[in-house]
Amino acid sequence: KAGVTQTPRYLIKTRGQQVTLSCSPISGHRSVSWYQQTPGQGLQFLFEYFSETQRNKGNFPGRFSGRQFSNSRSEMNVSTLELGDSALYLCASSPDRGLGTEAFFGQGTRLTVV
Amino acid sequence: DAKTTQPTSMDCAEGRAANLPCNHSTISGNEYVYWYRQIHSQGPQYIIHGLKNNETNEMASLIITEDRKSSTLILPHATLRDTAVYYCIVRVGSRDDKIIFGKGTRLHILP
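Sequences listed follow chains X and S, in order.
Going by the working numbering, the first residue of the first sequence is number 1, and it counts up by one from there.
Going by the working numbering, the first residue of the second sequence is number 1, and it counts up by one from there.
These are computed hints drawn from the structure, not numbers from a lab.
One thing to keep in mind: the hints can contain errors.
Said to hold, decoys possible - No more than 30 Å apart at the CA atoms, straight line, and that leaves these computed lysine-lysine pairs for DSBU-like:
1) S:Lys-3 with X:Lys-13
2) S:Lys-69 with X:Lys-57
3) X:Lys-57 with X:Lys-13
4) S:Lys-69 with S:Lys-52
5) S:Lys-3 with S:Lys-103
6) S:Lys-3 with S:Lys-69
7) S:Lys-103 with S:Lys-52
8) X:Lys-57 with S:Lys-103
9) S:Lys-3 with S:Lys-52
10) S:Lys-3 with X:Lys-57
11) S:Lys-69 with S:Lys-103
12) S:Lys-52 with X:Lys-13
Said to hold, decoys possible - Facing chain S, from chain X, some residues (calculated, C-beta under 7 Å):
13) Leu-43
14) Leu-90
15) Gly-106
Fair warning: this is a prediction, and the values are worked out from it, not measured in the lab.
Cβ atoms here follow ideal geometry from the backbone N, Cα and C, with glycine treated the same way.
Build out the structure end to end from the sequences listed, making use of the hints.
In structure tokens:
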């Protein structure tokens with residue numbers, strides 16, 4: 001079955017703009033998480049959605065937001081972009097709640113802010 | 001903060017077994033040990049996970065010590081395509097999907 005799909009794969013934006021990234025989870029998965037990866041900070045958790053509700057949130061400013069739709073697809077939005085927001089943004093999906101389930105990652109969206 | 005400690009880098013000859021250690025001395029009773037790897041600029045790839053028993057799948061084996069304070073990921077016959085950063089993570093699972101990544105181990109497979 002198809003894996004986690006993230007669009008677009010690459011994006012260039014200007015400081016001050018806003019951006020929306022999309023993630024389509026594996027069919028049947030209801031949990032979607034977002035991560036930011038930079039050379040300096042590594043992989044950092046942004047937030048996680050389950051059944052359209054935000055269940056966990058990392059330590060990022062309010063400029064970073066997300067949502068999940070009824071079909072489990074998720075979007076994340078970054079407003080008022082800063083140069084430091086340049087990163088690889090990764091989405092992961094998991095099946096229904098349960099102990100010991102694995103998370104599968106997409107290939108990511110590489111955002112460059114100029 | 002990450003709950004695991006891994007060596008920064010390791011080398012392994014092609015065709016040999018690669019043994020990647022991980023310390024997780026503060027692991028809780030309901031936390032699983034997960035391994036992911038990330039090949040340059042790609043999304044992390046799930047490898048294997050376990051609770052207390054040793055686990056094996058088509059990619060690797062996971063050996064967890066009896067006290068669960070450490071584990072070893074074994075790639076039985078390493079190839080150049082196994083060159084990646086390997087992350088050892090402890091997490092409860094879907095009930096707590098906040099994966100905390102550490103720095104991982106950069107594995108170099110030598111031809």
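Status of each hint after checking the structure:
1. S:Lys-3 with X:Lys-13: violated, 35 Å
2. S:Lys-69 with X:Lys-57: This hinted pair holds, its Cα atoms lying about 28 Å apart.
3. X:Lys-57 with X:Lys-13: Roughly 25 Å between the alpha carbons, so the hint for X:Lys-57 and X:Lys-13 holds.
4. S:Lys-69 with S:Lys-52: holds, 10 Å
5. S:Lys-3 with S:Lys-103: With a Cα-Cα distance of about 11 Å, the restraint between S:Lys-3 and S:Lys-103 holds, given a limit of 30 Å.
6. S:Lys-3 with S:Lys-69: holds, 11 Å
7. S:Lys-103 with S:Lys-52: Measuring from Cα to Cα gives roughly 24 Å; hence the hint holds.
8. X:Lys-57 with S:Lys-103: Judged against 30 Å, a Cα distance of about 21 Å means the pair holds.
9. S:Lys-3 with S:Lys-52: holds, 17 Å
10. S:Lys-3 with X:Lys-57: holds, 18 Å
11. S:Lys-69 with S:Lys-103: holds, 18 Å
12. S:Lys-52 with X:Lys-13: Roughly 46 Å between the alpha carbons, so the hint for S:Lys-52 and X:Lys-13 is violated.
13. Leu-43: holds, 4 Å
14. Leu-90: This interface hint holds because 5 Å falls under the 7 Å limit.
15. Gly-106: holds, 5 Å
Going down the numbered hints, you'll see the structure goes against 1 and 12, while the others check out.
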